[in-house]
Every structure is written in C-alpha cells, then in structure tokens.
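Chain by chain, the residues:
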Amino acid sequence: MFDSIIDPTIGPADGPGPFSLSARPDSLSGLRIGLLANTKRNAEQFLNEVGKILTEQYGASAVVARKKPDITSTAPEPILDDLAAGSDVVVVGVGDCGSCSASAVADGIVLEQAGVPAVVVATDAFVASADAMARVRGVPGYKYLTVPHPMANLTGDGVRDKAEAAIAGIVGMLTSQAMAASA
Amino acid sequence: MTAPADRADPADAADPAEQAKAVIEYCYEQGWTDGLPVVPATRPGVEAFLATTQRSDDEIIGSAPHLGRSITVAQAAANAIMAGCKPEYFPVVLAAWQALNLERSVRGGWQSTSGPAPLIVVNGPVRQRLDINCEGGVFGPGFRANATIARAIGLIVRNGYGIRPHELEQATQGLPGRWSLCLGENEEASPWEPLSSVGGVEPGVDAVSAVLIRTCEYVDNRGTDSPEAVLTDFADTLARIGAYLGGGHSSGGIVLGPEHAQLFGRHGWSRANVQEYLFDHAVRERGDMTAAGKGDGPVADPAAAGTPFRMMPSAKDIPLIVAGAANAAMSMVFRPFGWSPWSGRSVPVDWAPAFREATGGDLA
Chain V
1 MFDSIIDPTI GPADGPGPFS LSARPDSLSG LRIGLLANTK RNAEQFLNEV
51 GKILTEQYGA SAVVARKKPD ITSTAPEPIL DDLAAGSDVV VVGVGDCGSC
101 SASAVADGIV LEQAGVPAVV VATDAFVASA DAMARVRGVP GYKYLTVPHP
151 MANLTGDGVR DKAEAAIAGI VGMLTSQAMA ASA
Chain U
1001 MTAPADRADP ADAADPAEQA KAVIEYCYEQ GWTDGLPVVP ATRPGVEAFL
1051 ATTQRSDDEI IGSAPHLGRS ITVAQAAANA IMAGCKPEYF PVVLAAWQAL
1101 NLERSVRGGW QSTSGPAPLI VVNGPVRQRL DINCEGGVFG PGFRANATIA
1151 RAIGLIVRNG YGIRPHELEQ ATQGLPGRWS LCLGENEEAS PWEPLSSVGG
1201 VEPGVDAVSA VLIRTCEYVD NRGTDSPEAV LTDFADTLAR IGAYLGGGHS
1251 SGGIVLGPEH AQLFGRHGWS RANVQEYLFD HAVRERGDMT AAGKGDGPVA
1301 DPAAAGTPFR MMPSAKDIPL IVAGAANAAM SMVFRPFGWS PWSGRSVPVD
1351 WAPAFREATG GDLA
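Residue numbers (the numbering used here), protein chains in the order written: chain V, 1 to 183; chain U, 1001 to 1364.
No wet-lab data here; the hints were simulated from the structure. Built from N, CA and C at the ideal position, the CB exists for glycine as well. The reader is advised that the hints may include incorrect statements.
Below, in silico cross-link-like pairs of lysine-lysine (DSSO-like), each with a Cα-Cα straight-line distance of 30 Å or less [said to hold, decoys possible]:
(1) V:Lys143 x V:Lys67
(2) U:Lys1316 x U:Lys1294
(3) V:Lys143 x V:Lys40
(4) U:Lys1021 x U:Lys1086
(5) V:Lys40 x V:Lys52
(6) V:Lys67 x U:Lys1021
(7) V:Lys40 x U:Lys1086
(8) V:Lys52 x V:Lys143
(9) V:Lys40 x U:Lys1294
Computed spacing ranges between beta-carbons, pair by pair [claimed, not checked]:
(10) U:Asp1220 x V:Ala168: 30 to 38 Å
(11) V:Asp81 x U:Arg1164: 26 to 34 Å
(12) U:Arg1144 x V:Asp70: 32 to 40 Å
(13) U:Gly1268 x V:Glu77: 24 to 32 Å
(14) V:Gly86 x U:Arg1164: 33 to 41 Å
(15) V:Thr39 x U:Asp1058: 16 to 24 Å
Sample of chain U residues at the chain V side, in silico, Cβ under 7 Å [what the hints assert, rightly or not]:
(16) Tyr1026
(17) Pro1040
(18) Thr1042
(19) His1066
(20) Leu1067
(21) Asn1079
(22) Arg1107
(23) Ser1112
(24) Thr1113
(25) Asn1159
(26) His1166
(27) Glu1167
(28) Leu1168
(29) Gln1170
(30) Trp1269
(31) Asn1273
Isolated chain V, as found in the complex (with noise of 0.2 Å):
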C-alpha cells in the first residue's frame, strides 16, 4: 500500500559493525582502571572518588584519567586509543544530560568493540536517550549503570556518597562473567 511515497528516514547505508561485549576480568586487582569522563558538572569528580575506592578497596593498580572535550559526540580517537592502550577496564561517565548520555553509552559501546571491558554510569533522568543510542548503535539492551539525578548540583560529600553507593554496580559490570556471557 501506499508503496510511491518516498520513506524519509531511509539514507546513506552507514549502519552499526557487529558487537559483542569484551571478556571481563575476575577482579580488578592489580588492574589499571581507566576514567572517560565528559564536561558535565561533576562527572570528573565523581569519577575520580571511583578511580579512588578502586584503587584503595578493590586492589587496582593505576588510574588512568582523560576527559572528552565535547559532551555531544564520542571521545576523539587518540582518547579512546589512550584508554584502550593504558587501561585494563574504562569506567565512563557522567551521561547526565539529553545528548551526554546517549554519547556516554557510544563511548561505551565503541571501547567495548576495542576489546576493553566499560561500564557507563548515567542518571536515571536520561535511560531514553541512552537506549535510543544502544539501539542507534546496533546493541540494543545494552547494559549500563544508572545512578539517581541530579548529579550537577552535589557538593563534595555528596558526589563521594554516590561513587560509594554505585561502587558495587560498576565493581560488577566490569567484572561479571554472566553479563559478558548474555551479550
């Protein structure tokens, strides 16, 4: 029915590669953990406490910590290059606005197809967009972390607070041998 009219979301044929999530560690002792993190207020903060507990309770051995310079797209190519060379495990973060989580979980996805296990953590305020992108990006159902919005308007304390409570979550993205196996 119907079959004259023109479909116009029908472009230039540059769809997703395949995908699968890397192998996952048994533990991140004695592993560099790596630290995407974008402009968003307090991403870099946050990501740092994580660097930090890692490093003190969970026995990694280095932090490797750069941040993107544009909250839209994914991180250029010589960060993630960086990352996926200096890094045994990325965390990414903090996707906490419209076009920040969704390119927060494309950074996720494109370290993951470079054989470096990630974890994205994004607020809870933005699981559509970050979904919409999984799905952009050929991995529907992709896995991340989601912590409770705000982040931007948390002082010191308060950021420390939400890298302890998400610790478990991401100790386990990283590590769990089940969420590798389901992808």
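Position chain U relative to chain V; hints supplied.
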C-alpha cells in the same frame, strides 16, 4: 503494514479526499510526522525539488557521527515536501540547514534538554518572490513559506537523524514554536543594512541566517522617543538572570519592530551603536547573581569584585534584526542556545540556473 480493521482499504475508496486522508494516516503510522499531517513525498515530487538546486541528490549535507546517520539532499527534499514546501522553497531550506550547521551548538542542540528552536532569517528579493512574510505577525502563523521552511528543518532532524522526542531528543519542556520560526527581515522598513550583510553576503543577494534559540521575550515600549530609554528597557530583559547558565555570560539578540528600529535610525544610531549600548548596560550586580544561586565561577572573580557583571558576550554578538509591522513600538528579545552567539555567517541561496531560466527570472 496491514490496515487496521476500522479503516477501509483506500484502494476501494472512490473519493480522492478519502484516499488523501488514508495517506495522511499512513504517514502517521510510520512515525514520520511531527504531530501534524504531512504531504506524502514521491519520486516525481523529489525530482521537482531537486531541479531547483545545483546540488546533487546524493550530496551529504549533514552528519551525526555519534548516531551513525547522514542526510542527503534528496532526503532533505523528501522531508521538505512532507513539511508542505513548494519546490521553489527548497534552495532556502538548504541554505537554512547550512546556516544552522555553522552554529557551534547545533550538534548537541537537537538532542538537548534545552530543546532549542532554529530562528531562520531570510534576506534579499527571495522574500517577495516566495511570499515570505516580513511584516505583521512575522513570527506566524499564516504564511506558507515561513511555516513550511521552518517545519522542513524539524522533519529533517526527526527523520534524517532519527532524533525523536522522548528518545534521542530529551527536551525538558521545549519551547513554543520550535519548528516554526522563519521570518523575512523587513529590509524596507529598516534603517540599517540587511542582517545578511553583517553575515558577509552582499545586500540584495538572497541569503539565509540562522541561530538556535531557547525562547523569545517581548519588550513593549511605546511611550518614549528616547533611544536610551528604549535601550534601557531592552537591556533589562537581556540581563535577566534566568537566562544565565553559568560559565561567563548568557546570550541574547533582538528582533526589533520597525518602530523601534526607526526611532534609532531617526536619532542617528547605527546598528553597532545600539549593540555597544546594550553590551554596556545589560549588566547585573554580582550580588544579584549570588542571591539567585549563580554566584560562583566568573561572577566570583575577586579581581572584578564591585564591578557590574556583563550578561552579554560582546557587543557584536548581540544580533539585531528588523521585522514586523510599523504599527506599534514593540520588539522581541531572543535567546541563543548555550553560550554560543550567532555564528555571524549568512549563507547565499543557491539556485539552479536552469530552474531560474525556466521561471523567467521570476523565482531567481
């Protein structure tokens, strides 16, 4: 796609109006519309649009690498048809799209919680040829070219990039008229050069300028003949704290009603004079900002303590446009999205020579 049971197969409907209705419903079901009915795009329709421009149908005019999506000229044509454009509007749509893509903030803008709207401004004789309203009720509605050129941009974003509300588009509230703001500058009633010549295009050449905005706020000031008094009123609105995001400054421009513009012209004020006055007077006391919970960052700079805080980025980054009817002294402040002022670059409208000849010069 199977037809719902409550809808007769349109092939059975002898009445063309019933068939048209079925087509409209079909487009809704595909998720292709912005909530209003669309015109179906067909191959002959797209061909007619492509004939107006020199650009090739498969040229890529926009990309969202993070979404893995690109948009071609032909795809833009299909969406412009759906928006209700006539073929001869298409070069203006393409110029508007190009002008928007000069905006630094545009990539994040389509998905942003701010939900910003393109404000599209057309200069040159194309305004008369396409009946683009520059006068009364310039913000709409009521004029096909104004309404559909702006709407075409919205459909290109929705269908081309796949950025839809509640999914990749995360506007907290959005704003009234998101895909409906296209106006002609009222050059005939302006004391100054066209906006497009500020944007680097010769006066008299068809050109489009565009900026993403978050809202418009009116300033009604009919009781004075003093330029300073009117500018004081404008500066108050420009300096509204709510528009400040942190990070140094907010941003603002004005669509001047012709009466205000002519008042400045009569008193010998150039566009630059007005911009400088507004830059100097759109200021807040730092304490006001602190009281509103916005006192950190640049506001708290100890070296600047005691001095007023400038709310605008610079004089030249306060775009001034003249549009509307000369029947009451009112103007509209608009708010560029994010920290970015207008790109400052206008885009000439590119017509296919063959199309120009075929229309006997009436259209281009």
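Evaluated hints:
| no. | hint | result |
| --- | --- | --- |
| 1 | V:Lys143 x V:Lys67 | 22 Å, holds |
| 2 | U:Lys1316 x U:Lys1294 | 25 Å, holds |
| 3 | V:Lys143 x V:Lys40 | 21 Å, holds |
| 4 | U:Lys1021 x U:Lys1086 | 20 Å, holds |
| 5 | V:Lys40 x V:Lys52 | 20 Å, holds |
| 6 | V:Lys67 x U:Lys1021 | 52 Å, violated |
| 7 | V:Lys40 x U:Lys1086 | 42 Å, violated |
| 8 | V:Lys52 x V:Lys143 | 24 Å, holds |
| 9 | V:Lys40 x U:Lys1294 | 17 Å, holds |
| 10 | U:Asp1220 x V:Ala168: 30 to 38 Å | 58 Å, violated |
| 11 | V:Asp81 x U:Arg1164: 26 to 34 Å | 33 Å, holds |
| 12 | U:Arg1144 x V:Asp70: 32 to 40 Å | 38 Å, holds |
| 13 | U:Gly1268 x V:Glu77: 24 to 32 Å | 55 Å, violated |
| 14 | V:Gly86 x U:Arg1164: 33 to 41 Å | 38 Å, holds |
| 15 | V:Thr39 x U:Asp1058: 16 to 24 Å | 36 Å, violated |
| 16 | Tyr1026 | 5 Å, holds |
| 17 | Pro1040 | 5 Å, holds |
| 18 | Thr1042 | 5 Å, holds |
| 19 | His1066 | 5 Å, holds |
| 20 | Leu1067 | 5 Å, holds |
| 21 | Asn1079 | 5 Å, holds |
| 22 | Arg1107 | 5 Å, holds |
| 23 | Ser1112 | 5 Å, holds |
| 24 | Thr1113 | 5 Å, holds |
| 25 | Asn1159 | 4 Å, holds |
| 26 | His1166 | 6 Å, holds |
| 27 | Glu1167 | 4 Å, holds |
| 28 | Leu1168 | 5 Å, holds |
| 29 | Gln1170 | 3 Å, holds |
| 30 | Trp1269 | 39 Å, violated |
| 31 | Asn1273 | 37 Å, violated |
The earlier numbered hints that this structure contradicts are 6, 7, 10, 13, 15, 30 and 31.
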